[in-house]
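Counting the sequence shown from 1 gives a position; this note's numbering is that position plus 2.
Be aware that one or more of the hints could be misleading.
In silico BS3-like cross-links for lysine-lysine, where the CA-CA straight-line distance does not exceed 25 Å [to be verified]: (1) 305 to 69; (2) 416 to 606; (3) 114 to 154; (4) 24 to 303; (5) 303 to 114.
Quick list of the computed label-pair ranges, beta carbon to beta carbon [unchecked claim]: (6) 302 to 494: 40 to 46 Å; (7) 206 to 134: 25 to 31 Å; (8) 150 to 3: 31 to 37 Å; (9) 364 to 527: 31 to 37 Å.
Treat the hints as calculated values from the structure; they're not laboratory data. For every residue, glycine included, the Cβ atom is placed at its ideal position computed from N, Cα and C.
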Amino acid sequence: MCLVWENLTVELPSMASGSTRKLLSDLSGYAEPGHIMAIMGSSGSGKSTLLDSLAGRLSSNVKMSGKVLINAKRSSMDCRDISYVTQEDFFLGTLTVRETITYSAHLRLPRKMTKEEIDSVVDNTIMEMGLQDCADSKIGNWHLRGISTGEKKRLSISVEILTRPHIMLLDEPTTGLDSASAFFVIRALSSIAYDGKIVICSLHQPSSDVFNLLDDLLLLSGGETVYFGEAKMAVKFFAEAGFPCPTKRNPSDHFLRCINLDFDIIAEALLRYQNICAIPESSSYPVKIRTTEIREILIEKYKCSDFSINTRRRIQETSEEPAIEPNKRNNTSSWKQLSTLTRRSFVNMHRDIGYYWLRMALYVLISISIGFLFFNSGTDRETFLERAKCVCFVYGFMSCLSCGGLPFFIEEMKVFRRERLGGDYGEAVLVLSNFFSSFPFLLAISLLSGTIIYYMVKFHPGFPHYAFFCINLFCCLSVIETCMMIVASLVPNVLMGIGIGTGVIVFMMMASEIFRPVPDLPKFFWRYPVSYISFATWAIQGEYKNEMIGLQFDPLLPGNSKVKGETVLQTVFGVPLSHSKWWDLTSLLFVLLTHRLVLYMALKYKDRIASKFTRLHANKTLQHLSRRVSKAGEILSSSKRHHPQRPLSSQEGLRSPIP
3 MCLVWENLTV
13 ELPSMASGST
23 RKLLSDLSGY
33 AEPGHIMAIM
43 GSSGSGKSTL
53 LDSLAGRLSS
63 NVKMSGKVLI
73 NAKRSSMDCR
83 DISYVTQEDF
93 FLGTLTVRET
103 ITYSAHLRLP
113 RKMTKEEIDS
123 VVDNTIMEMG
133 LQDCADSKIG
143 NWHLRGISTG
153 EKKRLSISVE
163 ILTRPHIMLL
173 DEPTTGLDSA
183 SAFFVIRALS
193 SIAYDGKIVI
203 CSLHQPSSDV
213 FNLLDDLLLL
223 SGGETVYFGE
233 AKMAVKFFAE
243 AGFPCPTKRN
253 PSDHFLRCIN
263 LDFDIIAEAL
273 LRYQNICAIP
283 ESSSYPVKIR
293 TTEIREILIE
303 KYKCSDFSIN
313 TRRRIQETSE
323 EPAIEPNKRN
333 NTSSWKQLST
343 LTRRSFVNMH
353 RDIGYYWLRM
363 ALYVLISISI
373 GFLFFNSGTD
383 RETFLERAKC
393 VCFVYGFMSC
403 LSCGGLPFFI
413 EEMKVFRRER
423 LGGDYGEAVL
433 VLSNFFSSFP
443 FLLAISLLSG
453 TIIYYMVKFH
463 PGFPHYAFFC
473 INLFCCLSVI
483 ETCMMIVASL
493 VPNVLMGIGI
503 GTGVIVFMMM
513 ASEIFRPVPD
523 LPKFFWRYPV
533 SYISFATWAI
543 QGEYKNEMIG
553 LQFDPLLPGN
563 SKVKGETVLQ
573 TVFGVPLSHS
583 KWWDLTSLLF
593 VLLTHRLVLY
603 MALKYKDRIA
613 SKFTRLHANK
623 TLQHLSRRVS
633 KAGEILSSSK
643 RHHPQRPLSS
653 QEGLRSPIP
């Protein structure tokens, strides 16, 4: 197996600046099994862009040309041969290292493997990556102290090597690590490469010990190839180009010093100060010329070197070899994915005190407060107003405590995006597993809060009324939880999610019975369709019927007959009695089902829709730029004022002595 990229160019069009920026410019290279390759360069040199191009994860607002081939066939992320470890390490912090790898193994390994075989793979992976000492330690989150950054990076690699992919791509796996941790990570990757795998990683500035572990090296500067070949031959290449590496200096430091254009900016800034003297002879600068000139010399040197010729020859040989179809992903069954993901989510929810336990305590505390506030509401002439206020508070404002789960939903979305890109499971599995794992907690909240409020306030007696109250509350909480999940799948951070989520909930409550009877709402928009899609409308309306129908209240004037609850519903609250409370509950369940469907659609199509819009914008930008260039050419060619044969001294407004 061989990974090849040929004439790879990536452009980022910009309408604002009126130009197209080349992120990668005509790159060609290859990677073979048994070798670990490092992509090095300064920040912004194109390291991550190249890895994204090889992995098929480029952003949709850029244009890519060229070829990326695996076994003479176009590469695809829909195969087991490629795994990609990004810079960010997203995990559920309440799980241990062993649990994280085990759950991932059950999600990714073939269905024919037994539990004993999966456990053996997990143990071997832990041993291979040196995670024995922290295997039973929790990863860590906002309230749990966890493993170190280096151990977390090795955990990211462990999850990806479970399927034993032939190609591993890693984006700066040593960033944020000390020298010892970085050396251990690269040594582990070297052992994987020597096992017949292709390993490509981007490194920012490795130590000399790490550099000695590398087999191949690709140096990038400004998206162009400065050097590609064996890592040990790079020192010779720089020496032949006139920039030898000084003794006792880390070669990677020397390479980056020669191609990092930021040094020119720093030098120009220093020269602005009058008290800064010239650079002494003992300076660490390799030469007394600008880095821009060094870079251009090295690029031209490489284009004419044997390294470039050998690269082209090897790419040509690879293209003539017979194509081999990559192995397609062989995931486990959807049922096993659902059960595994449900167990994992339940364990995470159970261990994280902020996920449900803290909210459960708040629900109980607020329920007791509501119970004392509306304690022992009887059937006096004005108690129906107290009952209605209590119902509105429970199903309107109290249910908004579910917004507190948004930060945890956003963290889960980060894990989901990583695992979905790896092909672990689909959107439907996540939607169902989230509902099943959260079901016990939401049911417990509904029963605890419903029992406390129902019996302290003395709502309509009878078990059927009590059961309806709790079921109605459960459905209401489930709708809000799903709504927060939808927001979490769309927003990039917690602050934006809290603002949008709170706004959506308040917007839905405005169309319910809390502020104004539904028949009195403006028909356009508020009554049709907002009141029909609002969870609060159906929840409050159903509980009104559950509470009022069958009760009789004291009359407003002594001596009159008692007022029936049905009369109160129609005359005071404007609630129609054309359908029963069970119809309202069914409608609320339909709203819940609709929200779950919207969540599925958001997870599945959000990135696709966003990519189409960004791709459309990129195409329009490129067309606009091409029209501007062609129009500018026409203007310059037809201009008499700037005709090339006319001398500068004769041009109007110029007093040049040059004839």
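Against the structure, the hints:
no.: 1; hint: 305 to 69; in the structure: holds (19 Å)
no.: 2; hint: 416 to 606; in the structure: holds (14 Å)
no.: 3; hint: 114 to 154; in the structure: violated (29 Å)
no.: 4; hint: 24 to 303; in the structure: holds (21 Å)
no.: 5; hint: 303 to 114; in the structure: violated (54 Å)
no.: 6; hint: 302 to 494: 40 to 46 Å; in the structure: holds (42 Å)
no.: 7; hint: 206 to 134: 25 to 31 Å; in the structure: holds (29 Å)
no.: 8; hint: 150 to 3: 31 to 37 Å; in the structure: holds (34 Å)
no.: 9; hint: 364 to 527: 31 to 37 Å; in the structure: holds (34 Å)
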